[in-house]
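Colleague: Sequence:
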Amino acid sequence: MARSRVLRLMAALGVVLALAVPAVAQEQFNPVGVWEPDNRESRYEFTICGANSDRLCAELIWIREDKKDARNTKYLNTYMFKDARQTRLNHWRGTVTLEGFNIGGTVDQSSNDRMQLKACALFVFCEDIRLSRVE
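Under mature numbering (1 follows the signal peptide of the UniProt record, and there is no 0), read the sequence shown as residues -25 to -1, 1 to 110, first letter to last.
Source of the hints: derived by calculation from the structure; they are not laboratory data. Even glycine gets a Cβ: it sits at the ideal position worked out from N, Cα and C. Check each hint, because a few of them may be wrong.
Computed spacing ranges between beta-carbons, pair by pair [what the hints assert, rightly or not]: (1) Glu2 to Val99: 34 to 40 angstroms; (2) Val7 to Ile78: 21 to 27 angstroms; (3) Arg63 to Asp41: 36 to 42 angstroms; (4) Gly79 to Ala45: 25 to 31 angstroms; (5) Arg63 to Arg105: 17 to 23 angstroms; (6) Gly79 to Asp29: 16 to 22 angstroms.
Construct the entire structure; sequences and hints are all you get.
Modeller: See below:
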């Protein structure tokens, strides 16, 4: 009798604990759209790309007029991030092209309207760019 009562109490406690702990399911955010860095000097169009439509690409589509020069306009309408593969929820890894150099990088999307691009070459030259959705 006492054993049965203990088992029922443990079962009830288990149900209470299960209901008290909120579900920690992460949401898949949509990276497709136009994004700009915090300095608002450029805009990138992020698309799903690749042969199986399972990669992430980002093309430089706009440079603010007062920031245009011969050095950066040659990258207009070229890919900054191409064929990045999703390694986990809201996280992609691939090659980033910064000023003509190809280096390894990642994109982490923290919400539907915020993401962060990180790229490093030999752990010496690193870029950390926060992006916000424009459209």
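Colleague: In this structure, is the beta-carbon distance linking Arg63 and Asp41 contained in 36 to 42 angstroms?
Modeller: holds (39 angstroms)
Colleague: So does Arg63 sit 17 to 23 angstroms from Arg105, Cβ to Cβ?
Modeller: holds (20 angstroms)
Colleague: Given the hint of 25 to 31 angstroms, is the C-beta distance from Gly79 to Ala45 inside that range or not?
Modeller: 27 angstroms Cβ-Cβ, so the 25 to 31 angstroms window holds.
Colleague: Can you tell me whether the CB distance of Val7 to Ile78 sits inside 21 to 27 angstroms?
Modeller: With Cβ atoms ~24 angstroms apart, the hint holds.
Colleague: Is the distance from the Cβ of Glu2 to the Cβ of Val99 consistent with 34 to 40 angstroms?
Modeller: holds (35 angstroms)
Colleague: In this structure, is the beta-carbon distance linking Gly79 and Asp29 contained in 16 to 22 angstroms?
Modeller: holds (19 angstroms)
The structure shown violates none of the earlier numbered hints.
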